[in-house]
Amino acid sequence: MKAPSASTLRLLLPAASLAILLAAVFYIQPRAMSYTGLNLLFNLAVPIALATIAQMLIISVNDLDLSIGAFVSFAACVTAVYMPSAPVTAIAILAAAVAAYAALGMIIHMRDLPSIVVTLGMSFVWGGLSVIILPAPGGEAPTWLRAVMVSKPPFVPMAIVASLLIAFVAHLLVMRTTFGVLMRGVGGNARSVARAGWSVLWIKGATYAAAGFFAILSGIALVGLATSADANIALRYTLLSIAGVILGGGEFVGGRVSPVGAVIGALTLALAGSFLSFLRLSPDWQIGAQGAILIIVLGLRLVLNRRGQEEKQP
Amino acid sequence: ETSGKKIALSNNYAGNSWRQAMLTSWDKVTKEAVKAGVVAAADSFTTAENQATEQAAQIQNMILEGYDAIVVNAASPTALNGAIKEACDAGIVVVSFDGIVTEPCAWRIAVDFKEMGRSQVEYLSKKIPNGGNLLEIRGLAGVFVDDEISAGIHEGVKQFPQFKIAGSVHGDWAQDVAQRAVAGILPSLPEIAAVVTQGGDGYGAAQAFEAAKRPIPTIVMGNREDELLWWKKQKDASGYETMSVSIAPGVSTLAFWVAQQILDGKDVKKDLVVPFLRIDQDNLEKNLESTEKGGVANAEYSLEDAQAVIAGK
Amino acid sequence: MSRLTALFGKAWVWSFVAAVATWVVTVLFTGGSSSAGLSQAALTFGAFSIIVGLGQMLVITLGPGNVDLSVPATMTLSGTIALKLMDGQDSLILLGLVVSLLTGVIVGVLNYALIKLLRIPPIIATLSMSFIIQSSAIWYNRGLRIKPPAMLAQFTTSTTFGIPNMALVALLLSIAVWWLLDRAIFGRWISAIGQSRFAARMAGIPVDGSRLLTYVLCAVLAATCGYLLASFSGGAALNMGSEYLLMSIAVVVIGGSAVAGGNSNVPGIWGASLFMFLVVSMLNTYGFGAGARLILTGVIIFAVILLASRPQNGAR
Amino acid sequence: MSTETNHQAVVSARGVRVEFGAVKALDGIDLAILPGEAIGLVGHNGAGKSTIVNVINGGLLPHQGTISYGGVDGAGGITTARANGVRCVFQELSLCPNLTIVENTRVMHAGLKGFGWRKRALSLIHAKLDEIFPGNHIDCAATVGELSIAERQMVEIAITFAAVTDAPKLVILDEPTSSLDAGLAEQLLAHVRHFVTSGGAVLLISHILGEILSTSSRIVVMKDGRAVTSRPASEFSVHSLVEAMGSVVKERTRGGDKTQKDAPYTIDRPPSAGSQIGFKARSGEIIGLAGLGGHGQTDMLLNLFRDRSGNWLPGYGDAIAFVAGDRALNGTFPLWSILKNLSIGSLPHLSRLAAIDTGRERTLGADWKERMEIRTPDMGNPILSLSGGNQQKVLFARALATKADIVLMDDPMRGVDIGTKQEVYAILRSEAAAGRTFIWYSTEMDEICLCDRVYVFRDGAIVAELTGDEIEEKNVLASSFSGEAA
Ligand SMILES: Nc1ncnc2c1ncn2[C@@H]1O[C@H](COP(=O)(O)OP(=O)(O)OP(=O)(O)O)[C@@H](O)[C@H]1O
Ligand SMILES: Nc1ncnc2c1ncn2[C@@H]1O[C@H](COP(=O)(O)OP(=O)(O)OP(=O)(O)O)[C@@H](O)[C@H]1O
Ligand SMILES: [Mg+2]
Ligand SMILES: [Mg+2]
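Protein chains in written order, with our numbering: chain U, 1 to 314; chain P, 315 to 627; chain R, 628 to 943; chain A, 944 to 1429.
Hints are computed from structural coordinates only; laboratory data are not their basis. Possibly wrong hints are sitting among the right ones.
[Unchecked claim] Derived pair list, reagent style SDA-like, types lysine to any residue, alpha-carbon separation capped at 25 Å:
| id | chain 1 | residue 1 | chain 2 | residue 2 |
| --- | --- | --- | --- | --- |
| 1 | P | Lys547 | R | Val651 |
| 2 | R | Lys774 | P | Lys441 |
| 3 | P | Lys428 | P | Asp382 |
| 4 | P | Lys441 | P | Lys349 |
| 5 | P | Lys320 | U | Trp285 |
| 6 | P | Lys527 | R | Ala638 |
| 7 | P | Lys345 | U | Phe278 |
| 8 | P | Lys320 | U | Gly37 |
| 9 | R | Lys774 | P | Cys402 |
| 10 | P | Lys478 | R | Val652 |
| 11 | P | Lys319 | U | Lys152 |
Can you make the complete structure from the sequences, with help from the hints?
As structure tokens, then:
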């Protein structure tokens, strides 16, 4: 028998923690074990999953994006304000935002800037733009978007279909295409990619653009679910997306990421919150419990992981 | 008859004294109601971070858990609409208060935040008929309440044009943030006649003025005990005059009773208004006495109070 | 001349350039009359960012992925516990300080326990910890604002020789941290760990001991800051640290420390802290709305980083 | 050099100068490589070998002089070089550790595109690995990070020799055998000879002169950035080659007789991993760990190290010191100066009240710079400005400068030139005589033969213990392969 490879293990662990958590939720709240139940549990995880993919792309080239939350909020504001009445304007703004992301990636590479600081600065910029576009919460979701987000496909709820789709597309992009290989190559050893004659500058630009694109999808999906937007709507996504990537088996440096894992990580995080509210804790400790559950889920991952490492040795 | 019904409180933030007082009031009043058999359960839930998305997920969980009514203090007036609509569709009564929601199927116990802002300027116009420069301390940018109060203040300034807003900072409804922001802008401001605020920031402003050794203007307070104490000290020392206004954290208990009444089959208007809690020069001492040390001036509601509000009295 | 270029080669210089520029622009608004007041305010409020920034810098020096997100919660908990304990009595000031430092030590140890024992990446470990700490603070005091002892409040809000006491405290702590980083063995150790943990281990450095101490120091500095800030602003509030999450990271990186770890400097923290305060003051002074203010803050941070940067060196 | 040869040359460099600040890495060097030629490039550490490689490869633009490919003066740069069939295996490994072997192949070969590239890359690399290193057991679907250093080196070599659209014309091998054991090295050299006969050109850099002599057709000796000699290989012997490099061959000595046979054991580990033989060491002994690469020698060193060095409390670093072989992974601190890299192991002894005495630190640096002949104008320069071999010397100095009783060495002579090696051997001897214990893992038989006692490893366990005159190449090899014969 061949031992499972590192990448399979990387995927197996998050999947196992999701399954355990799901079983616990079903046990406490059997009502969740239904079409509507699953949809309610997971539909808000869809935008988080998209944001997590965006973060994962950035992490795969050894950078970190502290502005994802602000940027998703910005995309949501643009969608809610312009998409219903002036779709062309909305698309133009969003396209410009993707271009801005690509430019950021290239500047970060060209000037050898720390991505954390640049994106920290950018989070203020996106936040400011959102406040200007939408000073008070409001806007509305375009009807088609709302229709997509609340649609009820047969047998499998929309939330699950969407998650599968995101995982599939991201997996293709990151793990199967040449671009994905080069992108992860830059994370693993940028110098050797450059020595093989590739332009790291363009690879980074394209990676950031792809991340911007997924973040925009996240904002759009969020508006579809929430029906409106505000400037602070997704600020939490910055940390959630980082946690999701790590939970999904990704690593901060070295280009080791897993798109399917990232989606599972996002679902796990969403589920962890629900699990807690089903427990009915004292209000004083509800916030703390969210920390505790993160610790437990990650601790679980690493306990399993250690066994995985032992198996790996000859 | 609602003895079999379960009510949940969905709260988006617990990180300040006002919210803590709100949760305490809820706990106190609902515990008794549950004991008396008025309702079967009244649980409260708070999200870890002040985010609409997290609260939407929380409301969806409440739907799954089968609550009959959800009382919500919303992070955003609109961003929860999707989740609230789902709750309504599942036959759940949704009552929003303080942070109200625009979804038509929900009830709203609103505070007229605009009026709260406007009334500050009106008060000042009586106290300082000649007018002067105002410093405006706002709340958290991009949040509905901040926008409303600020709009009210600007309306007030339009109404009483002897006042002019000389500077405006965001204090995020926190004493230390307000203090920091005011201290930063103060050196470059002309003489300030009064400070208009949103609550939770008056004491910080006072400290900043004191530290800069500037004459203390009339600072409108926000019902926090430290603000009232400071005011009392100034009043005793030099006859300092101001007013204090905020919404009572106990409004959560009003929302509870309203939800109970709706569940009981009473016909309740979708839009209810509660007055804000205002403290003036003459009732300062009385209010200070009844305010918990380090807390917020509060008023809890009984079933009768709620019935009176519903009746539109 | 060459000395000047050498100076501008140092990353931290740019934060001071930025701070001075914003100061000048702000003071120009009033034709110079606000200079003293503004400087005092900047020093006072900058001091708090400096204190937490110093701790965060130590942690960031430990290498990629090391950052302490529990700083705000630690500040809150330490302030809450200390102020409730002192209950406004001057005689308990020292006890309050000791207990608040102890809070920091405990938080630091717990943080590292999660990182080491459960092998949770520091970002997530400290974030999770911060939720637990925040809950503890809520449970302990439910957000009530208890007044600080009068003597302590007096000390934190007054000046000595025209310099705010808080700035003097920050200066003392900065000198201590500078000594630790630049002169002591410990500084070499954490810098080595930041460059390569494995190589550090093989060079005989007690890696875990050093990392533990670093996380403890960061939490202790945050606790100190919480104690001082609560006393300064007349009571602890549950959200009093929230400003300092991004702030503590921002002052470290704008100050020119390498985000990848291994390289850090103390003066940059001062420049960056003063700058971060002055930027907001400047934009408030000129009456920008919240949106424009945010955008300009971001753009200015970006510009500072860009100025201090060097092109990627293409050779080798 | 006639214009005609230049015309045929795959690459020719004329009057190339490269300077790094005050260091003249290349000082007007001429070098032309013809098809069908295997050039052996030798020289002391820091002679400029890797630098000329970088120039030819297009990674570094010369400050003066020209470089032309196939007789045409090109614009230079990586793309031009690659387009002209120049491929390079670098001194430091340059694969992406997070990618699989197949994906790494894709990164290195832009020609592998379109649908089904994975399959094509897999069969390509698989065939090439089998061709160069017959009998290897590398799984081509594996992630590079999971491979041992030797396996990574093999993969990199195979990828470099592989041809997708057009075959490589010139392959540069910068110390390719430094991580390979003797068997694998011989396989590689055989492939090089075969490649050359079929018309390819090779530029081989190595400090193992035997390899150079057996494989190259022409040998170029470099010294301080210049090519001092360039003659057919047949005109050299080891002796004359060393002389041409400016060093003197010294007699090999084993000091075994001098060690105190009855000195107490400083290390005494019971047998483990199914082995019959325990691991023991006396003070003053030099113990060799032999066997094929990656059979548990490094793990033994790491275990010995962990046993004796605290991870929580500061010690004085007096118990044990470690000399890394894989500099980039566990040796150097890239942001630091040479001096800081050197002194990190001895800080407790250089400080007063936990504060470092920079004066004493500098003295220590100057002392070891001289003893190790570290080639740098200033110990304050960044460590990465040193050539590979000189970096290795710094790591050596770091361990020897401590007061550690036991020094572990993880194949530490990788990339160290022959002159320095002999210096270091002498230092080892004298330090051992003074009572230090050295535990030395080496992939080079010459070095194993210098030890007092040798443990041979196979599959993670000790399979033989050799002492004194038993330490011979054939005995070591016999034990290394003993399992296979049975
Ligand atoms: N010979 C080796 N070659 C390459 N990597 C190694 C080797 N030995 C150990 N490592 C890796 O280097 C890292 C550091 O090893 P070490 O055992 O010193 O860390 P540690 O004390 O376990 O620290 P932590 O528990 O915080 O990871 C580990 O990830 C380990 O897997
Ligand atoms: N990036 C750099 N910055 C400064 N100096 C450098 C740099 N790269 C190389 N050098 C210097 O150039 C000289 C030649 O280095 P090079 O790496 O070519 O030596 P080498 O012959 O390959 O040595 P080795 O056998 O040790 O690998 C050395 O003195 C080295 O210190
Ligand atoms: Mg070299
Ligand atoms: Mg070798």
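Hints and how they fare:
1. For the hint linking Lys547/P to Val651/R, the alpha-carbon distance of about 38 Å lies beyond 25 Å, and the restraint is violated.
2. A C-alpha spacing of about 30 Å is found between Lys774/R and Lys441/P, which places the hinted pair above 25 Å, so the restraint is violated.
3. Under the criterion of a C-alpha separation no larger than 25 Å, the hint pairing Lys428/P with Asp382/P is inconsistent with the structure, at around 32 Å.
4. With a CA separation close to 49 Å, the supplied pair Lys441/P and Lys349/P exceeds the 25 Å bound.
5. With a C-alpha separation of about 22 Å, the suggested pairing of Lys320/P with Trp285/U holds against the 25 Å cut-off.
6. Distance hint between Lys527/P and Ala638/R is unfulfilled; the C-alpha atoms sit about 37 Å from each other, more than 25 Å.
7. Of the supplied pair hints, the one linking Lys345/P and Phe278/U holds, its CA atoms being roughly 20 Å apart against a limit of 25 Å.
8. Taking the CA atoms of Lys320/P and Gly37/U, the gap is about 19 Å. The hint holds against a cut of 25 Å.
9. The straight-line distance between the Cα atoms of Lys774/R and Cys402/P is roughly 45 Å, outside the 25 Å bound, and the hint therefore fails.
10. Note on Lys478/P and Val652/R: the hinted pairing holds, with a Cα-Cα distance of about 24 Å set against a maximum of 25 Å.
11. Among the hinted pairs, Lys319/P with Lys152/U is inconsistent with the structure: their alpha-carbon atoms are about 30 Å apart, more than 25 Å.
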